[in-house]
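Novice: My numbering numbers the first residue of the sequence shown as 2 and each following residue consecutively.
Among these hints, one or two may not hold up.
As the list claims (entries may be wrong) - Below, simulated EDC-like cross-link-like pairs (lysine to aspartate or glutamate); rule was C-alpha separation at most 16 Å, straight line:
| id | residue 1 | residue 2 |
| --- | --- | --- |
| 1 | 67 | 39 |
| 2 | 22 | 34 |
| 3 | 67 | 50 |
| 4 | 67 | 38 |
| 5 | 30 | 46 |
| 6 | 67 | 28 |
Calculated directly from the structure, the hints in this document are not laboratory data.
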Amino acid sequence: VFSRRLYTLQGQQTFEEIRRKYRRDGDFKHTVDRYVDEFERLLAEVSRDDRDQMMTRTYLLSETGKVYTMLAHASGRLD
């Protein structure tokens with residue numbers, strides 16, 4: 002379960018902006034969905050040989066992973 006309290010005040014504002022844009026802008030929605038799908042595909046691929054989940058965690062904690070988390074949460078995939 003994800004909560005907006007997970008983010009800093011600035012992060013909460015960014016989350017709301019992304020959520021609004023995702024709902025209103027079809028091109029942005031398509032781009033976000035594609036990014037999230039690709040990142041999840043990458044995680045699935047990495048996790049096949051990642052017995053201790055170290056690589057998976059590394060990807061999720063990277064800047065790219067943080068973008069994924071924000072976009073996936075704002076798009077409703079992590080609610």
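Novice: Next, verify each hint and record whether it holds.
Specialist: The hints, checked one at a time:
1. For a cut-off of 16 Å, the pair hint linking residue 67 to residue 39 stands: about 14 Å separates their Cα positions.
2. Restraint check: the Cα-Cα separation between residue 22 and residue 34 comes to about 13 Å, which is no more than 16 Å; the hinted pair holds.
3. Using a Cα cut-off of 16 Å, the hinted pair residue 67 and residue 50 is violated, with the two alpha carbons roughly 22 Å apart.
4. With a C-alpha separation of about 15 Å, the suggested pair residue 67 and residue 38 falls inside the 16 Å cut-off, and the hint holds.
5. Restraint check: the Cα-Cα separation between residue 30 and residue 46 comes to about 24 Å, which exceeds 16 Å; the hinted pair is violated.
6. Among the hinted pairs, residue 67 with residue 28 is inconsistent with the structure: their alpha-carbon atoms are about 21 Å apart, more than 16 Å.
This entry does not satisfy hints 3, 5, 6, going by the numbered hints stated previously.
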